[in-house]
Amino acid sequence: MLVDLQGPWSPLLGRLALSQIPYENHILAPLFVVVVILGLAIIAAISYFGKWGYLWREWLTTVDHKKIGIMYILIGLVMLFRGFMDALMIRTQQAMAVGPDAPGYLGALHGYLAPYHFGQIYSAHGVIMILLAATPLLVGIMNVIVPLQIGARDMAYPYLNALGLWVTAAAAALVMVSLFVGDFSHNGWFGIAPIFELSYSPGVGVDYWMWVMQLTALGSTLGSINILATVVKMRAPGMTWLRLPIFTWAAVASNIIALTSFPALTVALALIGFDRYLGTHFFTAGLGGNLMLYTNLFWIWGHPEVYFVILPAFGMISEIIPTFSEKPLFGYVTMVLATFGIAGASWAVWLHHFFTMGAGPAVNSFFSVATMLVGIPTGVKVFNWAFTMYRGRLRFETAMLWAVGAVFLLLLGGLTGMMLAIPAINYMVHNSVFVIAHFHQMLLVIVYAIFGAVTYWWPKVFGFKLNEAWGKAVFWLFTAGSVLVFVPMFTLGFMGMTRRLDYVFNTQWQPLLDIQVLGIAVYSLSVLAFVGMLYVSIRDHAKNQVSVDAWGTARSLEWMTPSPVPFYNFAVVPHINARDEWAWRKEHGFTDLRPDHYEDIHMPKNTGIPLILGALMFLLGFGLTWRIWWLCALSLALIIALVIIRSFDSDTGYTIPADEVERMERGHHERARAVDLPAAGVLGGAIAYGQADPAVKGQGAALGGGMTSPEGSRV
Amino acid sequence: MDMWRKKLAHWVRYLALAPVLLLNGCSTSHFWLFDPKGPMANADLYYMVIDVAVMLTIVGITTLMIIWFLWRYRKSRGKGTYDPKWSHSNAIEVVVWGIPIIAVAFLSYYAIEGTYALNPYDPTVIKEHTVAGDDPLEVDVITTDWRWLFIYPKYHIASVNELVVPAHTPVYFRLTSSSVVNDFFIPQLVGMIDVMPGMRTKSALLANHVGEYQGFSADYSGAGFSWMQFRTKVVSAEQFQQWTQQIQASPRQLSYAAFNEFAKPYIDVSGKPEYFSGVQDGLFDHVLGEVMNGKVWPLPMAMTENMVDYMKEQNARTSTRTSN
Amino acid sequence: MSSSTSKAIDPSSVELWDHSHHHHDVLSTRTFGFWLYMLSDAMIFALLFAAWGVLSYSHSFAGGPIPADFVKPGYAFLQTLALFGSVLAYGFTMVALKNGNKAGVISGLWGALILGAAFLALDINDVVHLLDAGITPQRSGGLSAFFILTQTHALHILFGLLWMLVMLVQVSRFGFTTEVVGRMLTLRLFWHFQAVIWVFVFVFVYLRGMLI
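Residue numbers (our numbering), protein chains in the order written: chain A, 118 to 832; chain B, 141 to 464; chain C, 80 to 291.
Only chain A is shown next, with the shape it has when bound in the complex (with noise of 0.2 Å):
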């Protein structure tokens, strides 16, 4: 049944060989050794200050929905930082190899990177960028906020939740074995038909690829149920639809378009397996398959997802703008529409990427007008943000500016997008760096909604805010990186270059390519001027600790928590009574957060199941990409084993006592009345948010022991 391939093979390890470590690489080699290094040095801090027991009750095995979103916060900044990595050697390697006269280095002919390790370079940046650094940065920010936001005090459903997690970890970390095990695949981050088929592409390239998405398919159609579930099902008594906060509402249809559509991507991916292991003939060019339904396919996920990611970014743009102009969002029931139009058109318009398919002009001209419709919703979004601030009293602290640096991005992204969308312009921007410049507006758009959200968010997670002086500081860099990189590619759009060239042939492109790389060493300076602004509000957070309503204009339910939010949530459920229900009690004056008396709570207890089920789809994904049969039966016969195990065990929560519940808030209450206590020392302040506050800790478990759940943590 399986196809043959070129190369060994053996029962025991498959394809994998010695001869598959990169070690002779003079990027890979030194890197590894970092790596190595860094890790052994995490493992060692971990064992010496003995926090393992603490990682593994606290973080590993939670179900807590906001711990969960953390971690998923977590992933995605790691991976913003390995795709930045890459987009570096984009740059310069594109820089380097313009003209044939160019010099090359490290074997390579022209500039450092040889074709198919460029190619590999790129794919990885495409493949992290969307799937490992947005998704898990929006999936981890809706995680946290949308449960506060509606009053519910976990997900709906919150094993399956760090299932999502773990399923997520374990992509990120196929992919980064990719890195030094193998290679990666060359054909972009969407997939070239037929390049990914087995005659063009032998290696295990493509295999990694294929596997790493199938894992965040899986892990975003499993976030999405559990998303819908929760604001459908949790809702707090006396929130109807329409007094759901912005934000969540985004995030309704951000998942709605994930539930949806992420099955394409399964479908698509699924074929091209077929294709690869058992020599079927779905994308072939010849014998009867079509290799542009794996393109349609392909993109009939590709664009709802562009929508999935951007739409929970509107919502964090549409949270931020009113509490910085001290008013409310302008027009909200449009807004729910124009986001639900978004989320409707995005699933008429995927012929766009592919325009110069030789399709008919009846059908160009069809996908030209559905696509060009996405503008109305959307310039409606725009007016309304404007029309929030006008009348307003508008505060430029760091979120704001965040939001409205992408209100701009937006502005540009929706002039270029409404060239793209007409295919007599597609026709010669199509596979140009102009369209890269577009999409890449476009992200940046949700890079500066998701800073902004972080730096709005934090002090609601963590208890204190983060440094003003230093946030602007990355705020300005960053910006002038874009603006330094991206200027200069939508100008050599229209100069004719097109994407995907590791040598450049045009000499006249040179000037152009150099001011790329300057912008991308601003963008590295507003890296480190990220990593900065934590150390700095990490070494404060003494001096920056907030009370409950960390802005003091905040509008939305999430600001009635105590900061850091206590793991319960909620220890009395509010009863919703308007749209912005903490701005309504302070316009009444019912600010006082004490209910008359508190009930018992009931937990979902901590589990180490979802981990091990991760681990084990890492090990399936390795095993399938290199063909170790063995190892994919056996990590496949026990995930199976151990789903059914778990679903024998009826003991998964616990109840908290109503005067334990209240013995905890009164601790959260004398907090709040003050919030200049000195902090609980080092990162433990900040990381273990529960236990920032001294002042109860002498009440025993209180709140550093309310982290953990009475039971402990069980496998």
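Rather than coming from a laboratory, the hints here were simulated on the basis of the structure.
Just so you know, even glycine gets a beta-carbon here, dropped at the ideal spot from N, CA and C.
Misleading hints may appear alongside valid ones.
Footprint (simulated), chain A over chain B, 3 or more residues, beta carbon under 8 Å [claimed, not checked]:
(1) 191-201
(2) 237-247
(3) 331-337
(4) 359-365
(5) 415-427
With chain A's structure known, arrange chains B and C on it following the hints.
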């Protein structure tokens, strides 16, 4: 109509890119998209100018409006009145939905018109420019890993990495690939069209100016992709006749069997053209049929992993050849 | 321009905290999530059907065997009977569950399990015969789509049978706890859903296949 279009395009080209042009020594010739040399590329530019004019008006005004709001309503020293409850206005709603709807409706008209005008299978812009009695030239294009083969069926000749066409004559292309997907693109003459294995696409161009233009593949096709360029020489009708006669005298022949050899993976880092005479009849359809029946020219493992040695070898081979 | 002024509200008349003692309905939350999962599964099948639609033109079979040569709607109808019988048996299981009849649930599950296994056995028998006759998924794009679509459905059936086995153990061991009843309800959704998918497979692959 053509005159104002040209003038407008010219004007916009300079104005929009003034800062960049200063940087590049004040010349538009580097901006292939703004320097069309035939009606196809010219029409692309025409629609771009319309679209940018409409969108830039809206986006520009909105940007200015937001900047004004940011200034006027800033908390520190802003002059605007603060209305903490204001969040709805039917009049504004009508405007914010109305403007994008009108703009999209307007642009949709041009989008559809342009799609038909530039339909690569039957571009009306070329028909408009064709005078009766014009004898169009037909060229069959096959991409391999990683070279361009241009077949002139009428003359039984073929050229590699060089496309020679007469000026003022419509040229109709049929395109297919023997390996993976490429994009046929000559920025100053004609927009992109996918070149796909086992399938046949079409395109067309008309060149108004004698000269040499860059053509290349715009869709990633593997390791040799960056070297997949071809020179497009637009020559006078007489020169074209001379050229065909010259190639017909070329000793190398291209039979079906010879194509099988030619289509093997090969990265040509020098980009030097090659010529074939005696191209076997129906080669294009033969290749199309072969690929549909499952014929592949698979890549050896060595061309998808560490390419360092192969690239050096190719460079050494071609640099000795070019030095002759 | 609607900017309302705030009216004073009597604090005693507003409800600020939830005192309804409401508990989230575990079963309905679980069932809702399962509907969402089925939506994504339906998308998977929809796209496989789309792939089958694209790859079932006569040229998609590349000169090899075409469905009209090998599909046997009569045989597939036997499979239909087996699967629908299984769904019916599961229906009786749910009636027994409603009445709290443990023996009825167990015998109903066994019935559904055996009939489902019969469906799968018929399917495997069919596939083995096709492969023996040289009708393989490697022969052409059309055959690839035929096999992958039908066997993806069969894989779902296999998964359902495994689930039934687990439920047999859980019902006899735990009785009708919330978890067990929840799982029985979602399994019912899953099983009916697979039967519905089979109707599409039967119509678009086996019946339409006679005409290709």
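Legend entry - chain A over the segment 191-201 of chain B, status - at least 3 residues with CB closer than 8 Å: Check passed, 6 qualifying residues.
*asked:* Three residues or more, CB to CB closer than 8 Å: is that satisfied between the segment 331-337 of chain B and chain A?
replied: holds (count 6)
Q. Three or more residues of the segment 359-365 of chain B near chain A by CB distance under 8 Å?
A. Satisfied; 7 residues make the cut.
Practice problem: Tell me if chain A covers the segment 415-427 of chain B under the three-residue, 8 Å CB rule, please? | Solution: As far as the segment 415-427 of chain B goes, the hint is violated, because 0 residues have Cβ atoms under 8 Å from chain A.
Outcome, coverage hint (the segment 237-247 of chain B, chain A; C-beta under 8 Å; three residues)
holds (count 7)
Comparing the model with each earlier hint shows a violation of hint 5 alone; every other hint is respected.
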